[in-house]
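Starting from the given sequences, assemble the full structure and let the hints guide the process.
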Amino acid sequence: MNQAAVQLPLPGFEQASGQWRSDYSRQVAGEKPVRNRSGIEVQPLYSPRDWAGERYLDDLGFPGQYPFTRGIYPSMHRGRTWTQRQLIGLGTPQDYNVRVRRIIDAGATAISLLPCCSGFRGIDCDEVDPVLLGTCGTVVNTTDHMDAALDGVPLGTISTAMNDPSPFTLLAFTLGVARRRGIDWRSITGTSNQSDYISHFIANHQFYRLSLPGSRRVLLDHIEFCRRALPNWNPLSVVGQHMQQAGATPAETMGFTLSSAIQYAQDCIERGMDVDDVLRRFTFFFDISISFFEEIAKFRAGRRIWARIARERLGAKDPACWRFKFHGQTSGVDLTQQQPLNNIARVSVQAMAGILSGLQSMHTDAYDEAIACPSEETARIAVATQNILRDEAQLCAVIDPLGGSYYVERLTDQMEAEIEAVIARIDAAGGMYKAAEVGLVQTMIGESALAFQEQLETGERKIVGVNCYQVEEDPTIPPAERPDPAAMERHVERFKAFKRERSQDAVARALDALARAANSERENVFEKVVEAAEAGVTHGEMVGCLRRELGFGHPLIIA
Amino acid sequence: MAPSPSPIPLAQRLRAGDPRAVARAISLMEEGGSAAAALHAAILPATGRALTIGFTGPPGAGKSTLVDAFVAELRKSGRTVGVVAVDPSSPLSGGAVLGDRIRMGRHTDDPGVFIRSIASRGHLGGLSRSIHHVVDVLDAAGRDAIVIETVGAGQSEVEIVDVAAVRIVVNAPGLGDDVQAIKAGILEIASILVVNKADLPLAPRTVRQLKAMLSLRREGEADVPVLETIASEDRGVAELLAAVDACATLRPEDAAARRRTRIRRLVAEGAAGEMRRRILAWDDAAFLETLARAARGEIDIDTAARAAMEAQAGGVPLPVAVPQKADRRAG
Amino acid sequence: MIHAGTRPLRVLVTKIGLDGHDRGSRIVAAYLRDAGMEVIYTPPWQTIPGVVKLATEEDVDVIGISSLATDHLIVPKMMEALRAAGLGHVGVVVGGIVPEAEQSALAAAGVSRVFGPGAAREEIVECVTALGQKSRAERVDDYSEANP
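Residue numbers (our numbering), protein chains in the order written: chain A, 1 to 559; chain B, 560 to 890; chain C, 891 to 1038.
No lab work stands behind these hints: they were computed from the structure. Don't take every hint at face value.
Keeping only pairs whose Cα atoms sit at most 16 Å apart, straight-line, the calculated EDC-like set for lysine to aspartate or glutamate is [to be verified]:
(1) C/Lys967 / A/Asp129
(2) B/Lys635 / B/Asp703
(3) A/Lys317 / A/Asp276
(4) C/Lys967 / C/Glu992
(5) A/Lys434 / B/Asp758
(6) A/Lys499 / A/Glu41
This is the structure:
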């Protein structure tokens, strides 16, 4: 493991280090190797032998300087802390509005919208068993619904992130609302979360709607449209979260995500878009697991690799394109149903890893998130965790405070090598699109998930309250907040009435235009989605039309 | 629990196409034993009508996806379909994850398609031990076409010749060392060769290689068509069905011969199994002495085997008398 | 003829409703396979009539439904449909996140067991085995009448 060993001129180093090694071995005879989740063996101690900093400028540099290992901005959190972006969504648009306004009143500058699962499936509220509606997100199927959801929300000054997979109907509804309110589209800021169809195809079947080639087409149209009409909107968020949650190791996750970003960038370039114009709007979205140092090394290595990819491989000239902007969400996978209050400790550690990694925005899970939709109180604790870490623990005071740690630097190098190996494997398979299409990525993830599960079962990996330190408890799952069935019924009835009463001609024309665009190389599908939204076409109708024209999405599942 | 209050005989119910009865009958065939044998005998007269089509080929060729698309095409032609999808069992636990359903999603609401997943249970040849019986059940249940998808194990899949009138060997570009993934033995049983995923860049090369291999191995025989499909987009599937139908109508006299061979093979297999079971449980003194002599090397194993078989089989002259109670079944 | 032998238990592992997260159901499928069962595995989003058809054709002994969001809310409707199709003998377990208050509705609908997150492998295998054996014992078998 000493291939990177440094020849040290330090007098007495060899002798002291040898002495320590023998003292150590006496105390922990027969020790088994310790590995992190990515399979890297972790040594009991790191020293200048592992990292001596002679490549400081090449490998680390200063914050805001290539390769950005220490941070993408010169002042990082000391200048501007991360954005606190908590995902919310439940019930009817009116229910959502009550909650989002409370958040804005409390000072939030960024909001999110999580649509109902029926929306993720690409269908409208009148096509679903009503007991399922609004149970894990807000039912938004039309521009009117969005108008109600965003009533009193200052579009144009507040940043909105919507979980809005292809064909991005929620953004289309939002643009319709902006038009009604006379708000200049160019002032609208935010991100199309869940625009990364490859990650959905691989690991999140919930978000997968259109065929793989169809999704590819619509995303490119979407990016093109947004770059033209919405200069402050991030049309693409490349998502590592689903893959890590499905079982990919942190190193695999970063490798897959960067491979996806390469694929999207190359697709844009092939389309004739300007790489510098497009890449500056790329953002990333990751899970932060409780594997503390490994996560920090994952993000530091990811920043460095992305900078290199963007500059060398993709040829972007603008330094803004080299910056690896990411949102982190503390991982729900690490949370347990057993002794749920323990999750507050877990989320704190995850959030610390995220902050020390230099993330740009963060969602901290509520401690009951693994088992329920967070209640107002648990959501407040989640936000408080961020505030405590920032203001009481002063984690923002120093930029990249772990930089220069023998261990963290060595681990960053090792993670970088692991991630590069994953990228090379995906390259060899013909890129991320092909690797996903043939199931290579799914197979790799499946193997890692099973290996992790086996480590839990053998006790090699411990989870407090699950495979060790169990206590006698009544493993209750708290009652879930369910939307008011009467209100939901009225919502569905109003929706049906809306469909009856709208201009059927306009709807038919808009759907026809959408279908034609889907079959024409020259037209922009997303532009037609925006127009259809304004004509009163519903979410389910638009997705349905594109499924007919571009193919239904069937995720590849490897048994 | 008490039996059903007014039980209609399973054979009758399955011949009427009742899906529950068909499913139960297949389970019974998988279980084996005298009840299975009796049921098989009862339905055998009603078999032989269905067109049987086998799909085989290496893993990753896209067999399940192609079967899914092919079944849709069969449905378009107005035929009812039975699908038997064979997956490997784990050699360690004997369990199996039968995942063919994953790629056969489009028929979940169509009563005209009956899909049954079967585990190979360690049976060599990519099929299941009970495959003939299972196919007969679907045949007797009136399915117009029966599609058999085998484990793409690539070893001695010649068995499928007995089960399926039309054998489709599926390959895809870039699997392993080109067409080496297709073993010579499999090539010989093919009625039709398919290169799936024909949009992949290496597809034309795979097609050329297959044609070259065919010209070497099948000289003088009827042409085996080599078709290209993109199953995930339903492309080439209508052409595949046309080729299957052409192949099935080509030599009707083959059907009768195939059926006789099939029955002969089933009898041979059954006889072997029965003999094995009997000899393993036999503790007659004379036989034990034979074993001891074989152990001492005084007689060779083959001689001992023949002696044991003849002793076991002795005294039961052929043909077998029809058991009396068989008459009771009529009506 | 083929020899009589014990036929492995057959279990349908599936998801109904809207959610698509299938990590849990895959792991459970692997557990059951390793315990010697034959697992029919499907993609998520099966419809209730689809599950009935699957369970019928595959002649399963047990159905395992994974519900990580709120899909358990339609499980009672599925139970009704199974009974109507003559599959009342099939044991049904639900795995995933089901709030305590909603578990009783599942029990009342005939679900045998609800497994929470972190349920142990042995516990799952033991329960499914017992249910499968019970299901086989209770199934109405009328094939004997077909014997010649």
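Right, here's what the structure says about each hint:
{"no.": "1", "hint": "C/Lys967 / A/Asp129", "result": "holds (10 Å)"}
{"no.": "2", "hint": "B/Lys635 / B/Asp703", "result": "holds (13 Å)"}
{"no.": "3", "hint": "A/Lys317 / A/Asp276", "result": "holds (6 Å)"}
{"no.": "4", "hint": "C/Lys967 / C/Glu992", "result": "holds (14 Å)"}
{"no.": "5", "hint": "A/Lys434 / B/Asp758", "result": "holds (12 Å)"}
{"no.": "6", "hint": "A/Lys499 / A/Glu41", "result": "violated (60 Å)"}
The structure fails hint 6 only (numbered hints given earlier).
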